[in-house]
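Participant: So the chains spell out like this:
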Amino acid sequence: MFSARDEILARIRAVNRASPVPIPRDYERTRTVPDVLGLLDERVTDYKAIVHRVAEAQLPDRIADRLALRSVSTMAVPSDVPPEWRVPAVTWLPDEPPLPLAELDTVDGVLTGCAVAIAETGTIVLDAGAGQGRRMLSLVPDYHLCVVRADQVVTSVPEALARLEPGRPLTFISGPSATSDIELDRVEGVHGPRTLEVLIAT
Amino acid sequence: MSAPRVALFATCLTDTLYPETGKAVVRLLTRLGCDVDFPLAQTCCGQMHYNTGYHDHARPLARDYAATFEGYDHVVAPSGSCGAMVREIHPSLCGTSPAVERTYELSEFLVDVLGVTDVGAYFPHRVTYHPTCHSLRMLGVGDKPLSLLRAVKGLELVELPQAEQCCGFGGTFALKNAETSTAMLADKMRCVQDTGAQVLSAGDNSCLMHIGGGLSRLRTGVRTVHLAEILASTEEEPWASATR
Amino acid sequence: MGVRNPVTWLGSPVFPKAAHEALADTQLRRNLRKATTTIRTKRAGVVAELDDWERLRQAGEAIKDDVLANLDTYLVRLEKAVTARGGVVHWARDAEEANRIVLDLVRAEGADEVVKVKSMATAEIGLNEALEAGGVRAVETDLAELIVQLGDDRPSHILVPAIHRNRAEIRDVFRRGMAEEPASDEPRDLAEAARRHLRRKFLSAKVAISGANFAVADTGSIVVVESEGNGRMCLTLPETLITVMGIEKLVPSWQDLEVFLQLLPRSSTAERMNPYTSVWSGVTPGDGPRRFHLVLLDNGRTATLADQVGRQALRCIRCSACLNVCPVYERTGGQAYGSVYPGPIGAILAPQLAGDMHDEQAASLPYASSLCGACYEVCPVRINIPEVLTHLRAEAVRAKGKRTPEAIAMAAAAWVFADPKRYEAAQKAGSLSRLLARDGRIKRLPGPGAKWTDSRDAPAVPKESFRAWWRKNHVQRS
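In the order they appear, the protein sequences are chains P, B and F.
Under the UniProt record's numbering, the letters of the first sequence match residues 1 to 202, in that order.
Under the UniProt record's numbering, the letters of the second sequence match residues 1 to 244, in that order.
Under the UniProt record's numbering, the letters of the third sequence match residues 1 to 478, in that order.
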């Protein structure tokens with residue numbers, strides 16, 4: 001008896017075989033943008049996320065400000081974020097050993113870094129690398145505070161994909177969780193974090 | 001330079017039901033210096049058959065077309081839909097031919113080949129224009145018809161809301177899916193009436209037959225007039241209202 | 001085999017009949033008009049932002065054509081890459097086989113409930129019904145799918161299956177189907193209600209089932225594009241993930257995604273980028289599911305591939321742009337198409353996957369179009385939908401044979417058109433219809449023409465055709 005695999009492949013091979021199709025790649029690889037960070041700021045804000053631009057040295061202060069303003073008391077965090085990000089006055093729960101799901105569901109928020117950010121589309125990409133942790137860490141808490149370094153920002157989607165390693169688990173985030181399912185109009189806030197706050201560090 | 005020899009491909013619909021449009025094209029092109037002929041061997045481009053799924057019946061008609069219109073400098077059709085059938089579909093039925101390659105929808109011919117937008121027309125009415133789907137999307141005539149209309153003396157052009165939405169004709173679609181077709185027609189008529197225009201123009205008598213049939217049934221008083229008839233109308237020989 | 005493909009719904013009426021009922025529903029038409037008008041305008045705006053949009057479309061078309069031309073090579077490559085990264089690949093010839101594979105996998109995990117990410121492939125094969133028959137409850141977690149599921153309804157749109165429902169109707173569905181009812185019919189409150197309703201299910205689910213938007217053959221990476229975060233929940237939290245994917249969803253290389261991640265969001269939700277896109281390759285220890293199964297589904301795709309003209313439908317990336325611009329869809333809604341694939345793409349995809357043009361309902365779908373071409377204009381992978389529609393109409397005609405009244409009338413018309421003399425004689429005979437006319441208009445035609453005069457006047461055939469005039473005025477001259 002033929003296996004399904006053999007049969008499907010045989011059906012495909014029975015079809016008239018075309019020669020390789022040339023792929024025209026004359027679309028733009030990047031875009032000319034005078035102020036890339038400004039564009040990222042504008043586009044992320046467009047999705048109703050909160051964006052701040054901050055000098056690298058001021059990061060801990062701004063993190064402290066933001067958390068105080070939101071009256072946050074417990075924050076999950078990948079164990080390898082820069083120690084100075086874990087500002088006082090907040091209980092930090094490092095994900096080492098891995099936080100149980102039930103506990104993650106009770107924290108006020110999560111602080112992570114990112115791998116790449118795409119200015120044109122207002123997208124932040126996490127690749128589970130340094131300062132980002134497992135995927136569920138940035139998913140279950142209702143508030144996500146994300147630090148983007150200026151050197152992580154690219155202009156276009158092709159530039160971003162070229163920087164990413166496809167074997168890693170990747171999450172592209174463009175604003176807070178949203179839906180267009182009611183009358184095809186976008187509203188923010190469904191299952192993912194309902195608040196996304198981004199600190200662009202320069 | 002001798003006058004270009006232009007064959008009029010009237011289309012079966014215009015030939016049979018709207019002779020005034022055919023006469024208007026002859027008058028207009030002659031005025032613009034063309035030597036116009038109407039080869040009597042022409043019948044139909046085969047679009048109805050093709051679009052309904054009778055490709056085998058359409059094929060000989062496509063072949064006849066290539067033979068009938070061979071040897072002219074240009075072929076001009078007062079129809080985006082039949083023009084598109086010839087240019088976009090005939091090659092897939094029986095290969096391309098000089099006739100197919102030299103076929104133009106009227107506004108294309110005027111603007112691209114003759115290089116005119118002001119054809120010296122006079123039409124003192126408030127007009128709105130429906131860009132028919134095949135002229136727009138298959139032939140890509142763009143705003144050529146509008147630029148021709150803008151140059152017509154006395155004509156007040158009003159913009160048609162949601163102009164690019166299909167009127168619902170679609171050939172045998174109008175019969176096979178009559179109720180959906182009618183629902184689309186109702187919306188198109190509402191848009192036409194919202195403009196307050198006295199005249200609705202288009203480059204296809206098929207769509208005008210459909211919209212005009214609806215406007216007439218509702219006794220709206222809006223007249224439908226083919227683009228060719230507006231462009232042929234002059235102060236000396238103004239458009240005479242033939243019923244539609 | 002002879003098993004019916006569930007891609008079209010059993011017992012659905014032919015399109016004109018289904019449309020008749022839909023057109024009578026004025027609420028439905030209002031809902032659809034509002035939703036499609038909103039999305040059309042937004043799409044046009046975000047597409048206009050990219051001056052290389054046409055070049056991206058051409059690249060998208062070419063990449064998908066390359067996939068179809070070398071499908072066997074890329075499938076085997078994907079299988080190898082997924083397996084190397086700890087995933088298990090399964091192959092399914094048809095819906096029944098795919099459903100059985102999934103049910104067996106769920107049972108092996110000892111689960112009696114699964115959470116689902118919105119997926120066209122699993123809707124196409126009727127997986128939820130098959131799971132239920134096997135004692136497993138499938139919980140839809142996408143907001144629109146949830147609305148359809150709780151309302152015991154059918155989907156009517158590829159992207160937003162509940163597009164036919166407005167906020168007030170959705171509130172009613174939630175009131176009946178949820179423990180805690182929504183605070184109001186504001187979309188924000190409705191979304192909040194869905195969040196509360198599903199939260200516990202996400203946190204406790206053992207098995208999740210998803211579809212795939214793309215799969216990268218080179219790397220074994222699977223891509224799911226979504227908005228709400230329900231996808232991330234399903235793809236990340238459960239221990240076992242089962243992905244069902246049509247065999248045409250491949251792209252050859254990682255780089256190819258740079259094209260589709262630009263084309264898809266702008267075409268579907270009219271956003272520069274959708275809120276969340278997840279990419280995973282096999283299993284990552286310590287992060288996400290510990291077991292990953294990929295089910296590769298044929299279910300009519302290889303038969304579609306064999307059709308030189310029709311195969312372009314397999315380029316489809318399920319964006320829904322063609323539905324949103326279709327004047328027929330806007331008026332009839334999606335359920336009239338009798339398939340999970342409605343609208344212009346459904347009219348060419350559903351009958352091809354179903355593979356039986358003797359089925360009246362499937363054969364009526366390619367006629368559900370005025371051939372206006374708006375669908376082709378917006379399609380991000382340049383599927384020439386009107387071309388395929390007329391191609392499939394020819395197949396429908398072939399299946400019906402030469403004896404139908406329509407075929408006889410068409411043959412007669414072709415006979416008349418084949419000879420200018422016969423044609424002219426017919427014109428003269430036709431001018432007798434003037435007897436029916438008043439002021440040049442006919443209010444009622446007999447026979448099939450009545451379908452025309454039900455809502456429009458018909459023009460009377462004038463006394464003199466154009467050619468008769470020409471003959472009189474020009475022929476003697478030359």
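Simulated from the structure, these hints should not be mistaken for lab results.
From a predicted model like this one, the values you see are computed outputs, not experimental measurements.
Be a bit skeptical, because a hint or two may be false.
Straight-line C-alpha distance at most 16 Å; calculated EDC-like pairs for lysine to aspartate or glutamate [unchecked claim]:
(1) F:Lys34 - B:Asp37
(2) F:Lys34 - P:Asp185
(3) F:Lys472 - B:Asp37
(4) B:Lys176 - F:Glu424
(5) F:Lys201 - P:Asp105
(6) F:Lys472 - F:Glu424
(7) F:Lys42 - P:Asp105
Participant: Take the hints in turn and mark each one as holding or not.
Facilitator: Hints, one by one, checked against the model:
no.	hint	result
1	F:Lys34 - B:Asp37	violated (50 Å)
2	F:Lys34 - P:Asp185	holds (10 Å)
3	F:Lys472 - B:Asp37	holds (13 Å)
4	B:Lys176 - F:Glu424	violated (27 Å)
5	F:Lys201 - P:Asp105	holds (13 Å)
6	F:Lys472 - F:Glu424	holds (14 Å)
7	F:Lys42 - P:Asp105	violated (35 Å)
Consistency note: the structure conflicts with the earlier hints numbered 1, 4 and 7.
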